[in-house]
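> These are the residues of each chain, in order.
Protein chains: 2
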Amino acid sequence: MIQNFDYQTPTRVIFGKGVVDRLPGVMKPLGRRVLLAYGGGSIKRIGLYDKVKELLKDFEITELSGIEPNPKYDPSVLEGVRLCKENDIDVILSVGGGSVLDCCKAISAGAKYDGDPWDLITGKVRATGAVPIVDIMTLAATGSEYDAGGVISRTETNDKVAYIDSLLFPVCSLLDPTYTFSVNAKHTAAGVADAFNHVLEQYFCAEHNMVADGFCETLLRTLIHYAPIAMAHPDDYEARAEIMYACMYGCNGILALGNSQSGWPMHAIEHALSAFYDITHGEGLAIITPRWMRHILNERTMERFVNLGVNLYGIDRTLPAQEIAEQTIERTYRFFESLGLPMHLREVGIDGSRLREMAEHAKEKDLSQGEQYVDLTADDITAILTASL
Amino acid sequence: MIQNFDYQTPTRVIFGKGVVDRLPGVMKPLGRRVLLAYGGGSIKRIGLYDKVKELLKDFEITELSGIEPNPKYDPSVLEGVRLCKENDIDVILSVGGGSVLDCCKAISAGAKYDGDPWDLITGKVRATGAVPIVDIMTLAATGSEYDAGGVISRTETNDKVAYIDSLLFPVCSLLDPTYTFSVNAKHTAAGVADAFNHVLEQYFCAEHNMVADGFCETLLRTLIHYAPIAMAHPDDYEARAEIMYACMYGCNGILALGNSQSGWPMHAIEHALSAFYDITHGEGLAIITPRWMRHILNERTMERFVNLGVNLYGIDRTLPAQEIAEQTIERTYRFFESLGLPMHLREVGIDGSRLREMAEHAKEKDLSQGEQYVDLTADDITAILTASL
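Read top to bottom, the protein sequences are chains C and E.
For the first sequence, the numbering used here assigns the number 1 to the initial residue and increments by one for each residue that follows.
For the second sequence, the numbering used here assigns the number 1001 to the initial residue and increments by one for each residue that follows.
In case anyone wonders, no lab produced these hints; they're calculated from the structure.
Model, not experiment: these values are computed from the prediction.
A few of these clues could be false.
As the list claims (entries may be wrong) - From chain E, some residues computed to sit far from chain C (all C-beta separations above 12 Å):
id, residue
1, Ile1046
2, Glu1060
3, Leu1083
4, Met1231
5, Pro1234
6, Glu1303
7, His1344
8, Glu1347
Said to hold, decoys possible - Pairs of lysine-lysine, DSBU-like flavour, derived with a Cα cap of 30 Å:
id, chain 1, residue 1, chain 2, residue 2
9, E, Lys1044, E, Lys1186
10, E, Lys1112, C, Lys28
11, C, Lys112, E, Lys1028
12, C, Lys112, C, Lys28
13, E, Lys1028, C, Lys124
14, C, Lys57, C, Lys44
15, E, Lys1051, E, Lys1085
16, E, Lys1124, C, Lys28
Note that beta-carbon positions come from the ideal geometry of N, C-alpha and C, so glycine has one too.
Construct the entire structure; sequences and hints are all you get.
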């Protein structure tokens, strides 16, 4: 049964080849003083940095570089907030992937707050203002370009916290698929796994509806079709564009409108992995996903597996439900594997020594509140992680 | 191949049982002086008028009633503009179906313009301001609740003009499916036909993409599944809710993102019918749709018919393409027919006497500019209308 919802995504998306040329027109109404934020320098290698600097030659630019994958509260968020305050920044321009943009969202709210930005990220204090954000995406994965959330890590406490506030929607996202041509196989695959998982997180819920299901299946089908093409032909525009477009809907809520809460359990578990081992988010999700699916498969959840298997993978509906469900899990596993993703924790440097600790962390930090589709105890999470070794 | 796009839908949608109770909170930030606009009085019969008046007892209400189906420039738009100006209206509240809301959009822009509002509607002058709009929908059909357009008719010149401006997005749409329980069979079916056609108008285009196709097929599937249930059980919440939700995406562009222009030819033709004979829009579309499909079916367009037939109707992909295409058209016809919709122009009071005149009108007014998926001459339109008799 369809549930009540309250929904808005105000972000403007400008998508396609050459759209970055529209940057000055997009930025001008927002102000002259720009914080230009980016990561490790890949935007310099692909010429995007020079292009942005040229396009913004009439703006005052302050730079924040070196934003990490799994972006860190210290130094990146703190440094960005300091730069915004010192330079009276009007608008933040994020150039890079979801990590850079997530970091910019925390900076955006932190810059308008007098206290410790961690108060905002943890929800202790509600933001009352935010510096407007524009982004240019160079990686198809997170959907951060079309949502109001971000995930920030704090190394010393193994925290990896999702921060969501409607003030944090980017004003405008510029998505040119050609800037994803240079993304290597590892990160292309991880991005697809991330986006694939976003959909599954929302698909697996108790109360769902036909529109939401169909939208979800559409995006999964698109990723399954185009990911191998993008892997084999990194500069195939159509494949890169369809993937980038599909990723955009991952986290803005449209896939779950009218659904009951799902709790995003796989993200909760992966956040613990990344918080302890700083692994690539999409790789962690690829490993967790089929093990979580297998762990929660039971009579009550069967319908979701069968629906997915029949509609997405074209599995014969007349087979026994249990068999359809098992094939669905297997097909999901094989899809990730076919992209060259690591499918075992050991492959990403995680051994069995801290599984229980991470399980308890995930349970306490992310799964202690909110409605879950299937309640997971620390024992459940430990079992999922053990099966993932 | 996916095309460039520039997309934004800022409207907030609050959906579900009981959401109208949130009206005062939604309205308060927009101002105290409200133009309450509605149609022929059905909102009084279902108790919604009294409820709204009670909820807004702390606001200053000016009323505009009697807005027509196929809303008229004169008197409704002109009267609304006058009321807005005289009463210095802060916010327009539309309570009713798409006709009331479309009318309110024209009023909204007209109220901030010193000249003749027709200049805005025809695009001769671009609006520079608009009174904010909030709506409560009582009919699932148009998608006006989530888009920036409206259609206004001018009787004396047989004009029925689509008016689109990004200033015209409602600030907030309140969609409670229970208010559609009382919609009779005729208008339930016409609403479904309208929404179904919105999807087809966008599906039939030269350059399309997998995400857009899947979203379109999802909505059509939802309408096909739930329309008969809503017809048989008018107070089935799930059916009414899924239909209302599916209709919402009809015209906000999401179904065509990355697609090439389609030109909305069936709407162009139907607007001529409504302009000359003032028929129910969805009924006109139900009649035109299968005849337009048959008229444009050829080798170049075949792929669209086959895709739709296989993905939506489950037609066997191994059949000859021509056969799949013909079955697709037949199935579409039978779906409309099964809802009790009139399937011939004569059933809605249109004989053969003015077909050529309407064809030329449609060609001149709506199809003379813009890219069409299949170019239609006045002869083509006449043939489609003749086949529809």
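> Is the straight-line distance between the alpha-carbon of Lys1112/E and that of Lys28/C 30 Å or less?
holds (26 Å)
> For the pair supplied as a hint, Lys1028/E and Lys124/C, confirm whether the alpha-carbon distance does not exceed 30 Å.
Distance ~28 Å between Lys1028/E and Lys124/C Cα, so the pair holds.
> Are the Cα positions of Lys112/C and Lys1028/E separated by 30 Å at most?
Holds: Lys112/C and Lys1028/E sit about 26 Å apart, inside 30 Å.
> Measuring Cβ to Cβ, find out whether Pro1234/E lies farther than 12 Å from everything in chain C.
holds (17 Å)
> Once the closest CB in chain C is found, is it more than 12 Å from Glu1303/E?
holds (16 Å)
> Grab the minimum beta-carbon distance between His1344/E and chain C and tell me whether it stays above 12 Å.
holds (31 Å)
> Below or equal to 30 Å on CA atoms is what counts here, so check Lys1044/E against Lys1186/E.
holds (20 Å)
> Glu1347/E clear of chain C by more than 12 Å, beta carbon to beta carbon?
Per Cβ check, Glu1347/E is outside 12 Å of chain C; nearest 31 Å; holds.
> Mind checking the alpha carbons of Lys1124/E and Lys28/C for me, to see if they're no more than 30 Å apart?
Holds, because 28 Å separates the two Cα atoms, which is no more than 30 Å.
> Checking one constraint from the list: CA of Lys112/C to CA of Lys28/C, max 30 Å. Satisfied?
holds (21 Å)
> Mind verifying the non-interface call on Met1231/E? Its CB should be farther than 12 Å from each CB in chain C.
holds (17 Å)
> Against chain C, does Leu1083/E keep a CB gap of more than 12 Å to every residue?
The claim stands: Leu1083/E keeps its Cβ more than 12 Å from every Cβ of chain C (closest is about 29 Å).
When held up to the earlier numbered hints, the structure conflicts with none and fits them all.
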